Amino acid sequence: MSLKSRSVLVVGAGIAGIQAALDLAEMGLKVHLVEETATIGGRMPQLDKTFPTNDCSMCILSPKMSECARHPNIKIYIKSSVESIAGNPGDFSVKILEHAKYVDAEKCVACGLCEEKCPIKVEDEFDMQLRKRGAISRYFLQSIPSEYTIDDSICLYLNKGVCRICEKVCPANAIDFEDKDKEIKLNVGAVIVSTGIDAFNPIGFGHFGYKRFPNVVTSLEFERMLSASGPFGGHVMRASDKKEPKSIAFIQCVGSRDESIDHNYCSSACCMFAIKEAIIAKEHMKGMQASIFYMDIRAYGKDFDKYYEKAKGQYKVDFVKSKVSEISELDNGSLTLRYVLENGDIQFADFDMVVLSIGLQPRENIGKLAGKLGIKLNEYGFIRSDAFSPLQTTREGIYVCGAANAPKDIPESVLTASGAVAEATKYLRLDRQEITAKKDAVPELDVVGDRPRVGVFVCHCGINIAGVVDVKDVAKNASTLQNVEHSEDIIYACSQDCLNTIKERIKEKNLNRIVVAACTPRTHEPLFRETIAEAGLNPYLFEMANIRDQCSWAHMNEPEKATEKSKDLVNMGVAKARDLTPLDRLPIEINPKALVIGGGLAGMNTAKAIAEAGYEVFLIEKEDELGGNMRNIYYNFGNNPQEFLAKTISEVSANKFIHIYKNANIERIDGYVGNFKTTITDKKSENKTDLEHGVVIVATGAEEHKTEEYSYGKSTRIITQVELEKMLHEDEFPKGKIRNVMMIQCVGSREENKMYCSRVCCTKAVKNALNIKEKYPNVNIYIAYRDIRTYGFREKYYTELRDKGAMFIKYEPENKPTVKLVNDYNPDSKVQVTVFDPLMDKEVEVTADLLVLATAIDPLPENIDLARMLKVPLNSDGMYLEAHVKLRPSDFATDGIFVAGLAHNPKDMDESLTQAKAAASRALTYLNKKAILAEGTISEVNESRCSGCGFCEEICPYSAIEIDLEKEVAVINDALCKGCGACVASCRCGALDLRGFSNEQLFSAFDALDMTEALGE
Amino acid sequence: MKEWQPKILAILCNWCSYAGADLAGVSRIQYPPNVRVIRIPCSGRVDPLFIMKSLQSGFDGLLVSG
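Each protein sequence line maps, in turn, to chains R and W.
Just so you know, we're using my numbering here: the first sequence kicks off at 1 and counts up by one.
Just so you know, we're using my numbering here: the second sequence kicks off at 1018 and counts up by one.
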């Protein structure tokens, strides 16, 4: 296809759209990012915290939003929608309607005066109607772009012809009532739809009294209440009397798993969402009682069960398995819940406040959009995609990601976004990029030898800092310090307008060192470095003082002392900044080949996606055939896994860019991003092969848990779900009449030392049980379970199985089912299973003709060795630990190494497939560059002092130092050096120093303290 | 007269202890405000000289964590 385009359209700029845009842009493609609202960011900015790490949602999203806004390859169209699309994959012509904003983005300084004076006040959507906004407004404080826009549906002037107050008060003369809607025509090669989801509106659920009882709120409203930047400043209170609630009930599955409203699916995220809110609320309000009323707790994601256990144990959150049938209001505004336990008992309980865990549903206008794009919707009204093409819509060249095709949480959305990018590259022209003057477009000022002129910016972070620390005083104090030429306080240092302020000040005041006192450099340093680079400063002439995470948040009750500490931290920052020197970043060449470890579903698909983009792949498989665990899967609700697997194997084998090494053992992996060297050994011939490559993808899979529990191995009638599936496929069901099949879930999962959910076993049990029911309708099926976790659209099959009469018996881990062979001496003995059901408070006894165990997915023991070779971490369960559980789910913290499939966490086939494509896409952001830039903060050798003793060479954990035997000095490999500084501390001659953390710089910081207080007054 | 408070310098590794100090803040764990943190790329960076130097600079105590 010679017509391949270099432009892509991404529709919807939530986290999925942002991730897709960034991946595409990093591959050098031009992205048109179309967003309906007035800002990018989507749903995430509304969230206070994210599970299971309790990371602040905005804090982790903000850098990505800024990066998206600043990326030269991304063009953002806010208040815009897609009108039509014509043409074919590789050559679509699209019409976009850009809605009038009535504010000149170039002029607006986002001061907010206009909104303050606007006479119109309506309920604000971002804060879930808990706050008012004007007809001119911005969606939220950190909106990107930051400019205000006018809502023409309610503006007085635009509707009634009178007012224009905003025009009068605007100091920047930015209001433009002449602004008109614009039609924009684009040519793109592919389209990615990431339009997200709507939250269910429980207004129709009269029995819950939402909007009738003021103290019944939705989980999203509650989230805004919890948020420090929310309408109540993070203080939870009841709407009726502004009092802090002493007890809160969370009601699950409101608008989910509900056939009466055609929502026969699980919204996937709300269980964890409620647990998170309960934990955070308990942290806000000591002694508050939180109860969660649930049907099943679906904590199926990575490290979710540990979080659930923590909520039960450490936080004493009460979990009540029941169905709430009605809520009524008491005179004092509190609420009485009427709920039905599993055994039919009706109970009542009073709470000060009720939170409805609302489900997720398709976007209201999705039908219209689907019509314009010419794509189909599924039975639930989400965008249609298939299990084995989870990112593909019904129209070739149009891909889907995020929650637009199924309810998803954040990491799943990010994975599908990167995955959709890999799919879209089929119709895009990837040209390997040189290091371009992309972000260094501004020529660097030479400041060497100049007197330091330090600029200090003290961030309010809304009230996060300014609520405790007197930021104006800190800024004032900074202005008195030596070499400080400028000092000011700013509201949100990381917002686009404040970043622009910093750049302007650098130019105005000729600043050559910048100190930002704000949050942690761990998240925000890259953003500020890039910002000063955009103003012509070397990015390393920057220092941060952490006055939020390590000051205002940690000393909330001691504002004066926190202010003192902030001043000290700024002093230390300024002192270090004074001594900073410009650093260079060395280009690292990227070898455009990939190593994929593991030839299962994930590995093969990663390899395929990279090869299809035109890059060579070495695919390593330890066994003598490809396919991995998927070889044991025969059914998938109408799709044929074996057919798909066979097709994938033949495609991978036929692709000339993929070099397959079977029976291969990895002996060693050396090198670093762009330049890895791996030695593999053929297990049979023992021949060694050296492979050179630029990236590594770990897709080593996992294994089935081997159990001895429940008498496994003692009778041929006790088998695992995997064995059952094979038995069904080969039609080798045990001879004789089968009446009862018993299944036991969570064998080896969700227990002490293995506190994780294996995710697929509930669905697998349901799938196999339905299969049995189809072949042998009269067989009784009993499933002993802890929670049935058929998340998302898998719920339908669970309902179907229930309708077909399968018996579900809950058991508690402390009281597991007991298994006894009917005849101990018969290897084919039937099995007597006794399950104590705590819900019915009785024992259920079944004589099973077949006992099927849902054995866990275990991490491979050899993960430890490979992790060591790659220098990447494993989590406490032994699974590979990604760089960030929410926003970097297929990256390792080490550049150039990625993870996909079961090696990362238990997951279903469609999810492995998605992560495989995501890893490929992330890898392509490197492979598609000829070189990248190394870090600047690395060690350096003063050769005149070095004695060549070699002590540093021994100590360096990254093998970055070698001794030049001829010159007898240490030589540092700049690309390998990670800048840890261990060599510097070890050097007896003082010949080594660490750039950016030199002895001199650190000592200056030590000396910067104002000791008058400490030395006594 | 105000009760004497020692000033403590904490030299923290960026990847673990510094991140831990951030996490303490995110979790709103409250601790005495007389600690001043210096971030270093790795506790391996800590030269014995740092300890001498910080005490000489006037700190009353030193916490190295990594």
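No lab work stands behind these hints: they were computed from the structure.
Check each hint, because a few of them may be wrong.
[Said to hold, decoys possible] Here are the simulated DSBU-like pairs of lysine-lysine, each with C-alpha atoms no more than 30 Å apart in a straight line: (1) R:Lys978 x W:Lys1070; (2) R:Lys561 x W:Lys1070; (3) W:Lys1070 x R:Lys476; (4) R:Lys426 x W:Lys1024; (5) W:Lys1024 x R:Lys472; (6) W:Lys1070 x R:Lys684; (7) R:Lys656 x R:Lys684.
[Unchecked claim] Chain R residues, not near chain W, derived (Cβ > 12 Å throughout): (8) Asn557; (9) Lys576; (10) Leu1009.
On a predicted model such as this, the values are computed, not experimentally measured, just so you know.
The beta carbon of each residue, even a glycine, is placed where N, CA and C say it ideally should be.
Cross-check of the supplied hints:
1. Simply put, lysine 978 (chain R) and lysine 1070 (chain W) have alpha-carbon atoms about 26 Å apart, close enough for the 30 Å limit, and the pair holds.
2. For the hint pairing lysine 561 (chain R) with lysine 1070 (chain W), the CA-to-CA distance comes to about 25 Å; that is within 30 Å, so the pair holds.
3. A distance of roughly 29 Å separates the Cα atoms of lysine 1070 (chain W) and lysine 476 (chain R); the hinted pair therefore holds under the 30 Å criterion.
4. Restraint check for lysine 426 (chain R) and lysine 1024 (chain W): not satisfied, since their Cα atoms lie roughly 60 Å apart, outside the 30 Å limit.
5. Only pairs whose Cα atoms come within 30 Å are accepted, and lysine 1024 (chain W) paired with lysine 472 (chain R) is accepted, the gap being roughly 24 Å.
6. Restraint check for lysine 1070 (chain W) and lysine 684 (chain R): the C-alpha separation of about 60 Å exceeds 30 Å, so the hint is violated.
7. Proposed proximity of lysine 656 (chain R) and lysine 684 (chain R) is supported: the alpha carbons are some 24 Å apart, at most 30 Å.
8. Under the 12 Å C-beta cut-off, the non-interface status given to asparagine 557 (chain R) relative to chain W is violated; the minimum distance is some 7 Å.
9. With a minimum CB-CB distance of about 9 Å to chain W, lysine 576 (chain R) fails to clear the 12 Å threshold, and the non-interface call is violated.
10. Some Cβ of chain W comes within 12 Å of the Cβ of leucine 1009 (chain R); the nearest lies about 6 Å off, and the non-interface call is violated.
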